[in-house]
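One line per chain: the protein sequences are A and E, in this order. Sequential numbering of the first sequence, starting at 4, is according to our numbering. Sequential numbering of the second sequence, starting at 4, is according to our numbering.
One should not assume that every hint holds.
Note that identical chains are pooled: a pair holds if it fits in a single copy or bridges any two copies.
What the hints assert, rightly or not - Here are the simulated DSS-like cross-link-like pairs (lysine-lysine), alpha carbons at most 30 angstroms apart as the crow flies:
1) K284 / K43
2) K153 / K36
3) K284 / K214
4) K304 / K257
5) K190 / K284
6) K8 / K43
7) K190 / K8
8) K304 / K294
Quick caveat, the hints were computed from the structure, so don't treat them as lab data.
There are 2 protein chains.
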Amino acid sequence: MSRMKHVAIVGATGAVGEEMRLCLEERNFPVGKLTLLASKRSVGKTFSYRGQDIAVEELTHDSFAGIDIALFSAGGSISKEFAPSAAAAGCVVIDNSSAFRMDHDVPLVVPEINPLAAANHPRNIIANPNCTTIISLMAIAPLHQAFGLKAIIASSYQAVSGSGAQGIAELEQQVHAIANGLPLEQKVYSRQIAFNVIPQVDSFTDNGYTKEELKMLNEGRKILDLPELKVSCTCVRVPVYRSHSVAITAQFDKPVTADAARASYAGKKGIQLMDDPYNGKFPVPLDTTGKDDCLVGRIRKNLVLDNALDLWVVGDQVRKGAALNAVQIAELL
Amino acid sequence: MSRMKHVAIVGATGAVGEEMRLCLEERNFPVGKLTLLASKRSVGKTFSYRGQDIAVEELTHDSFAGIDIALFSAGGSISKEFAPSAAAAGCVVIDNSSAFRMDHDVPLVVPEINPLAAANHPRNIIANPNCTTIISLMAIAPLHQAFGLKAIIASSYQAVSGSGAQGIAELEQQVHAIANGLPLEQKVYSRQIAFNVIPQVDSFTDNGYTKEELKMLNEGRKILDLPELKVSCTCVRVPVYRSHSVAITAQFDKPVTADAARASYAGKKGIQLMDDPYNGKFPVPLDTTGKDDCLVGRIRKNLVLDNALDLWVVGDQVRKGAALNAVQIAELL
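Only chain A is shown next, with the shape it has when bound in the complex (with noise of 0.2 angstroms):
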C-alpha cells in the first residue's frame, strides 16, 4: 500500500459516520481518496471532506475494489454481510460493530492499551470495542499495569448517541414534545428517556444481563489478555446526548490507595485526571463532549472489598467510543 490510503466510510451518514470523517480530517489522516457509503436512501446526500463535497455512494458488495481501509459503523447485520466482501477485496475492515469482536482470529483494539494486537489480522477484519468497554478500559488500563486487575463492578449512565443519530433524535423529539404538550415518539427505546432513565442497552440474554452488559465481561477479558476477569455490571441509558460515564469498582491483586491510582495516570495518553472534589473538580458528560481524551476522578478506596477503588469516567462516546478509536486504529496500520 502507497503511503497515502483510500478510505471508506461504511455508514457515512450515522453520528458516527459523520465523526469519523471528521476524526480523519482533524488528525491529518494520510487520506488519498475518501469514499462515503450508505444505503440507497442516501444517495445524493453530499458531505464535506477538507473543503471537498464528496457524493454519498450505495454499499454493494463491489463498493470496495481499490480502497484500503473500511470504517463500519453501519449495523452488526451490514458488518456480517459487506466486511467478509471488503476483506476479499484486499481492504482492512474496522469495524465499530459487535459482528466480529470476539472472533478468535479477529483483533479487538484499543490503541492506547493492546495497539500490537493490531498488527496480526488474518481476516483483514479488526473489531473496534464496544463504547462503554473503551472509555471504562481507559480508566482501568493504567490502574492493571500497576496493581494487576482481577475484577469490575460497573454502573453506567449512558447518552443516547449509542442509538445513532436516531437516539439523540429521539430525547429531542422528547424533550420538545414534552415543553409543548405534543405525542411523545418512541421508535428507539422501550420507555421514555426524557427526564427517565432506563436500565436496558441492547437485548436481555439468558442469565438476566443484557448484551451491552456482558460486552465489558467478554471484551474486557479479551483486550486486557486477562481471561479469569471477572465482570459484572448494570448499564444504563440516560438523557444525556453523547458522553458515557461509569461508575467503576475494580478490584486489584496488589494493594492500592488512590494517590498510587491517581500516580498510575502520569503520561498515559487517552485519559486525563480530574480529581479534585474539595475543589469541585471531577468529571461530568459534559466537560468530554467532542473532545477525545476520557476524564477520570472520584478515586478513593472502596469500602467493601480489599484492594479496590472506586473511580468515575467519562467519555465521548461518538469519538473515543467509537470513531476515534477507529480512526486510530487505521493510524496502526
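Given the coordinates of chain A, work out where chain E should sit on it, guided by the hints.
Below, chain E without anything else, positioned relative to chain A:
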C-alpha cells in the same frame, strides 16, 4: 394524646412539605388540626387541606404549643434550631433532615423494616432516613431477612427533587433555556444538570466519599441493626424530576439465586416486584412518580462476588423517600 392529632408541617411550602400534606390527606391520617409552618417570606400563602384553606404561619420557637406531631422538612439547620423547641413543648418531631439521624437516642425508622424502633424516642425526635437509603433498603430488607446481608456496592441515579423545589426549578429552567437560546441559571448544582449527570450529591468528606454516599453506610447499619455491614457507593444526580433509581450489588451470608430472591418479596408491603425483562418488564423512574410503592427488578446473580445479587430499585424520592415515610412513622405513634 387524643385519637385526633394536631399536626404541624415545618417547611410546608417545599416539595416534601407539600407532599406531606397530600400524604396526610390521602392516608386519612387522624388530623384534628393542621398547622403549616415556614419561613417569614412564605407567610400569606395558603394551601388546601380537605377542602379547607390553611394559611402558612411563621415558624418560631413558640409555634409548637398544643401540637402533637411535627413533620420537619426544612433542612438540617432549621431542624437543629427548632426541633428541640418542638420536642420541649411535648410534640413528637419526625425529622426529614440528617440533623439527628445518627444520634444514639433518636430512632431512625423505615416503617416496613424497623417499626418497633419508633416506640422508643426519649428526646421526642424520630428521624426519617435519607431518601436513597430508604429506597435501597426497601429492596434489600426482604433479601436480608432471607439470606443475611453482608455488603452493598451501589450506584444511584438521583432525581432533582432530592434538592427540593429549587432542584426541580433548576432543571426546568435549564431545559427551557437550552430550547430557547436563553442563559442557563445555575444555583443549586455545581454543574449543569440538564442533559448531564453529576457524580456529586451533598458535600465531600475526607475519604473522597460524599456525605450522601456515607449515609447509605451509616444509616443502613443503624436501620438494619447490622453494625458490621459494609457499604460503598457512588451517588449521582441525573436529569429526572422525582424518582430515584439505584443499581445495587448485594452480598449475603447464605447462597442465593435470582428465583429465591424474587420469592422473598412475596407478601412484603411497600415494595413490588417488576422483573420480567424478557417481556420488557423492569422499573424506570417514571413508573413510580407519585406512587407509594418502590419497584424492584433486574434481579440476577452477580458475576463477581459469591452469594451476591445485582438488582435495580426505583422509588419516588418525594413520597417513599421522604414525605410518605414520615407520615408512616407518624402512623406508628
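These are the hints, each one checked on the structure:
| no. | hint | in the structure |
| --- | --- | --- |
| 1 | K284 / K43 | neither (47 angstroms within a copy, 37 angstroms between copies) |
| 2 | K153 / K36 | neither (45 angstroms within a copy, 60 angstroms between copies) |
| 3 | K284 / K214 | between (33 angstroms within a copy, 17 angstroms between copies) |
| 4 | K304 / K257 | both (13 angstroms within a copy, 26 angstroms between copies) |
| 5 | K190 / K284 | between (37 angstroms within a copy, 17 angstroms between copies) |
| 6 | K8 / K43 | within (25 angstroms within a copy, 73 angstroms between copies) |
| 7 | K190 / K8 | neither (38 angstroms within a copy, 51 angstroms between copies) |
| 8 | K304 / K294 | within (28 angstroms within a copy, 36 angstroms between copies) |
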